[in-house]
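**Q** First to last, the sequence lines map onto chains A and B. By my numbering, the letter at position 27 of the first sequence is numbered 27, and the numbering carries on one by one without gaps. By my numbering, the letter at position 139 of the second sequence is numbered 254, and the numbering carries on one by one without gaps.
Note that these hints are calculated values from the structure, not bench results. Be aware that one or more of the hints could be misleading.
[Said to hold, decoys possible] So the derived label-pair ranges between C-beta atoms look like this:
{"hint": "1", "chain 1": "B", "residue 1": "Pro138", "chain 2": "A", "residue 2": "Ile48", "range": "52 to 60 angstroms"}
{"hint": "2", "chain 1": "B", "residue 1": "Pro138", "chain 2": "A", "residue 2": "Tyr81", "range": "22 to 30 angstroms"}
{"hint": "3", "chain 1": "B", "residue 1": "Thr494", "chain 2": "A", "residue 2": "Val16", "range": "38 to 46 angstroms"}
{"hint": "4", "chain 1": "A", "residue 1": "Asp85", "chain 2": "B", "residue 2": "Ala458", "range": "51 to 59 angstroms"}
{"hint": "5", "chain 1": "A", "residue 1": "Ser26", "chain 2": "B", "residue 2": "Ala580", "range": "33 to 41 angstroms"}
{"hint": "6", "chain 1": "B", "residue 1": "Ser142", "chain 2": "A", "residue 2": "Ile24", "range": "54 to 62 angstroms"}
{"hint": "7", "chain 1": "B", "residue 1": "Gly512", "chain 2": "A", "residue 2": "Gly35", "range": "50 to 58 angstroms"}
Glycine included, each C-beta is placed from N, C-alpha and C at the ideal position.
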Amino acid sequence: MLSQINSGFGYWNVLVWIVFFAGISSFVVWIRSLGRMDYKRNTDQDEIYWEGNEVPSDGSAISVPASSSYWGFRVAMEPLYKLLDKFHSGSGSDYAGYFVVTVALVGLLVLIGGK
Amino acid sequence: MSIQDHLPALIVMLPLLGAFLTPAVASLGKKIRNIFFVLFSFLILLVALSIGCAVFWGSPMVYVMGGDSFAIALPSGMSYPVRILFEIDAFGALLALCIAIASFAGALFSVAYMDKFSGWKKYLSLYFMLTAGALGMCVTGDLFNFFVFVEISSIASFGLVAFWRDKPEAIEASFKYMLVSQIAAMLLLIAIGTLYGKYNSVTMAALSSMMADGFLERVVLALVLCVLAFKCGAFPMHAWMPDAYAEAPTGVTCLLVTVSQASFYGLIRVCYSIFPKIAAGGVVGWILIVFGCMSMFFGVMMAVVQHEIKRLMGYHSISQVGYMLLALGVGLVAMSDQQNMIAYGFTAMKGGLFHAVNYSMYKALLFLCAGSLYYATGTRNLDKMGGLARNMPWTAGMFVIAAAAISGLPPFNGFVSKWMIYESSFAIHPILPTIAMITSVLTLASFAKVFQAAFLGPAKTGFVAVREAPGFMLAGMAVLTVATLLLTFFPGWFISNIFEKAAGALVDNASYVRAVMGGI
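Construct the entire structure; sequences and hints are all you get.
**A** Right, here's the structure in full:
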């Protein structure tokens, strides 16, 4: 079949997923259709509710910058990130060194490694 | 004799011709230059498609330069081929097709993206040289020519990464890449020279038929393996990649993604076709698996905390290459035992090749989306972007498709190839798919961050009047989107007609040798 593959452990059929998504989408559209359409346009009912405060006109005042995303993850993984930052020193001689050391290690493994 | 017989030569000759014609054609005006750029790239794509059709539904193509006949690899009385020789099997044709698609998409994109910049003659010449180098790596049948094509693509990419000479970061990125790349190139030359000294041949098929398992051969294998793993961005030799990808003009980054795949091609060709006696079932497969796992995990860990969009995607490239190395490493480990090969090894190889093609398409598309954002906003810093989906709906839509695909969300193509890799690597050890799945979750997290930061939320004050990318840029992105969607909706067709044949070409080493050496 054009859309189905077998891995030897199981199978994947993209059409099944498309039917599944179509079903879920229909359900979502049905839920949305239950919403009230009789709200008054261009009044307070139409405004974004922002904890009772006026919504700032500049988007940057109310959005989380990308560098703050996953702040907790970064703090939790601080020891690893310290190592990784040190590793990515930006120095060309460091990068050449990593390459040479890797070649030496791989060479050793290939030489002593059996079949 | 038909034009079909000369396709292997044409696929390298066309971009080389393009590179040398550029200075003359670019002087004839902007319109003619743009038509020439797009048309030539399209011609290269047509040739790659024709080769693909001939090889996927036929037999490997062999082309000999400078002999009495282009079809005779082994003239009478000779034990080994002595001329420049191209050999294209299903694996080579597959990668060449990916490079040609990315080159065409990058050309379309560059027409509008680079319009306001000068230096077009250099840009076009280097762009075609890079295409020629990458395509040559996938079609050549001898190791020395492989080295020559690696150098052609490297030199062109140094120039293109440093194309914006007024930016110190671009010069620095190019210099660092050049520094390590030249050390790698010297080691590659030493390795090839060593093989020539011992076996009197650099033809891959001839070497494969003679290769023994000895000290010298193992040293050569280790050198070539590391050089090509460095070129495709494997951890811990990856550090050049985020810098180079971020600083190169976006049309070039799109092509660089597939150039790294040409190095991946070389790595796999060397392990599976030239050194199978040493690599199959031994420590080499495990080295690839370890490279793969480290690249996946550390690449995505670095990506998730970046806020410079192209740099973030550069780290994701390292992580994605990890999946392919893991899959082809699993294939190598299984290769010595036919039962293991049938049980999971062949699935891993198909999954790895499928992922290589997926990666070439959706990652090139992601870079083009990033370029489109940079074109519209003038910044690559995600902190400064926001609410762009309203003004750039096409870019946003294509970004969602590519981001969902790279994150492995069903039903996209990225999910299918990852699923094949998870299932097959599980047979070796459960920790391998676990690392791969964690990587996939973190990939989703970082692309959710990019989408939220760049496209969602209220528009930033400076970007209220931002407009959608020009038509040529959208057309370049559309080419890759269509390819991604085709791979999504017809995975069964692609696997049975293309990836199975490409993986089969790697496993069936005898037919690769036989195409050049005849019955020897």
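**Q** Hint by hint, say whether it matches the structure.
**A** How the hints compare with the structure:
1. B:Pro138 x A:Ile48: 52 to 60 angstroms: Holds: the Cβ-Cβ distance is about 56 angstroms, inside 52 to 60 angstroms.
2. B:Pro138 x A:Tyr81: 22 to 30 angstroms: violated (48 angstroms)
3. B:Thr494 x A:Val16: 38 to 46 angstroms: holds (42 angstroms)
4. A:Asp85 x B:Ala458: 51 to 59 angstroms: violated (42 angstroms)
5. A:Ser26 x B:Ala580: 33 to 41 angstroms: holds (38 angstroms)
6. B:Ser142 x A:Ile24: 54 to 62 angstroms: The hint (54 to 62 angstroms, Cβ to Cβ) holds, given that B:Ser142 and A:Ile24 are roughly 57 angstroms apart.
7. B:Gly512 x A:Gly35: 50 to 58 angstroms: violated (25 angstroms)
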